[in-house]
Amino acid sequence: MMDMLRRFRVLIALGMLAGCLVVAACANDDESVWYEGGVFIDMPSPPPSDGNNPPTASSRAIESPFEFLPFLQHGGPFSSLTGLPIEEQYLYRRPFAAVINNSSRAQPQSGIASADIIYEVLAEGDITRLVGIFQSYIPEKLGPMRSARDYFIDFALNHDALFIHHGSSPSGYSRINNLRVTNLDGMALEGTVFWRDRTYPEWAFNTGTRPLEHSSYTGRERLLTHLYNRGIRDYWQEYSDVYGFNFNFGSTAHTNSDGGQAYVVTVPFSQWYYRRFVFDPETGLYMAENRHGPNLDADTAEHVGVGNILVQFTTMRVIDGEGRRVVDTVGSGNGYLISGGRYQVVRWAKDSHTAPMRWYFADGTPLTLRPGRIWICVFQAHGDVIFE
Numbered sequence: 003m004m005d006m007l008r009r010f011r012v013l014i015a016l017g018m019l020a021g022c023l024v025v026a027a028c029a030n031d032d033e034s035v036w037y038e039g040g041v042f043i044d045m046p047s048p049p050p051s052d053g054n055n056p057p058t059a060s061s062r063a064i065e066s067p068f069e070f071l072p073f074l075q076h077g078g079p080f081s082s083l084t085g086l087p088i089e090e091q092y093l094y095r096r097p098f099a100a101v102i103n104n105s106s107r108a109q110p111q112s113g114i115a116s117a118d119i120i121y122e123v124l125a126e127g128d129i130t131r132l133v134g135i136f137q138s139y140i141p142e143k144l145g146p147m148r149s150a151r152d153y154f155i156d157f158a159l160n161h162d163a164l165f166i167h168h169g170s171s172p173s174g175y176s177r178i179n180n181l182r183v184t185n186l187d188g189m190a191l192e193g194t195v196f197w198r199d200r201t202y203p204e205w206a207f208n209t210g211t212r213p214l215e216h217s218s219y220t221g222r223e224r225l226l227t228h229l230y231n232r233g234i235r236d237y238w239q240e241y242s243d244v245y246g247f248n249f250n251f252g253s254t255a256h257t258n259s260d261g262g263q264a265y266v267v268t269v270p271f272s273q274w275y276y277r278r279f280v281f282d283p284e285t286g287l288y289m290a291e292n293r294h295g296p297n298l299d300a301d302t303a304e305h306v307g308v309g310n311i312l313v314q315f316t317t318m319r320v321i322d323g324e325g326r327r328v329v330d331t332v333g334s335g336n337g338y339l340i341s342g343g344r345y346q347v348v349r350w351a352k353d354s355h356t357a358p359m360r361w362y363f364a365d366g367t368p369l370t371l372r373p374g375r376i377w378i379c380v381f382q383a384h385g386d387v388i389f390e
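Numbering (this note's numbering), first residue to last: 3 to 390.
Errors might be hidden in some of the hints.
In silico EDC-like links for lysine to aspartate or glutamate, alpha-carbon gap of 20 Å or less [unchecked claim]:
(1) Lys-143 with Asp-301
(2) Lys-143 with Asp-187
(3) Lys-143 with Glu-204
(4) Lys-143 with Glu-192
(5) Lys-143 with Glu-215
(6) Lys-143 with Asp-199
(7) Lys-143 with Glu-223
Read the hints as simulated data drawn from the structure, not as lab findings. As the structure is a prediction and not an experimental result, all values here were calculated from the model.
Work out the full structure, taking the sequences as your base and the hints as a guide.
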């Protein structure tokens with residue numbers, strides 16, 4: 003079923019179902035049913051004003067990914083983060099940016115296959131961490147969560163996202179405080195918004211008990227309950243689009259001579275860790291792999307695939323004995339867009355920590371992506387990406 007579902011999503015991403023909209027089938031005035039992220043979601047009404055019933059959502063698996071096809075009609079709307087169809091109620095909800103543990107003992111991760119955008123960048127120990135941007139679908143379980151670094155916060159600010167993390171470096175806390183970033187910290191919210199789970203899936207390469215530092219999780223119901231109770235600008239309220247926090251999508255991508263074939267892409271973040279993507283021409287997705295093999299979601303066993311890969315070249319350096327880094331996220335530089343079996347040279351620019359990242363083709367034309375989820379590798383300027 004997962005292969006069928008994955009193929010269906012990509013048909014949408016390639017434009018074969020572009021313009022189609024799932025029309026909510028209303029059960030009554032207070033509830034509707036919506037197809038989201040591979041399941042049908044029983045959507046609650048906006049929360050009542052008395053605060054006694056915070057928003058929740060439940061889900062059920064579907065028998066076939068094509069079960070809802072009779073409800074498809076033209077017209078949109080489409081996500082500004084992926085270009086894929088999205089329910090109108092979610093179109094302007096504020097995204098979450100979650101720091102996800104990516105060390106070997108933390109894998110496999112929960113909720114990773116639901117991210118609209120994934121940033122990957124080195125932290126300490128020559129191991130990367132992930133910052134997932136979630137708007138179209140908020141997973142019921144997300145993690146393991148990990149501590150923040152100052153440059154992770156810039157990734158969240160690229161999308162005006164609520165920042166979710168468990169602890170932080172001193173410079174990370176300084177940036178959160180100085181920029182007044184809305185954040186949910188597991189150090190303060192463990193036992194309420196965050197919980198511990200030290201088990202691995204039966205099929206995982208890891209066995210035994212998860213180490214404590216790789217066992218922090220959060221999820222949709224607890225996040226939404228906390229935000230609602232605290233009156234934080236959240237799920238039910240529009241987030242700003244004034245400064246262009248989103249991507250542009252089209253049916254075709256601009257091409258130039260500075261590129262070539264990209265059926266297998268390897269991003270060697272360090273001697274000990276690399277990211278590999280393998281293009282599936284049948285679906286149009288790049289399937290993510292790490293040194294242990296396919297990157298699978300812990301809860302669904304879904305192989306994580308994306309329609310677009312962006313590589314952002316930037317300068318970074320180790321600054322202390324703990325191996326912490328400075329990663330330059332403000333300024334401009336070169337990069338790659340990888341999509342549809344090819345790569346091409348692009349450029350990025352970010353005016354300040356709070357400004358959104360902007361992407362351009364090499365000739366200065368604003369970047370246009372094929373509809374689909376996005377993986378952004380923030381990579382050292384002297385590094386070599388391998389294309390096959």
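Which of the numbered hints above does this structure break? Failing hints: none at all.
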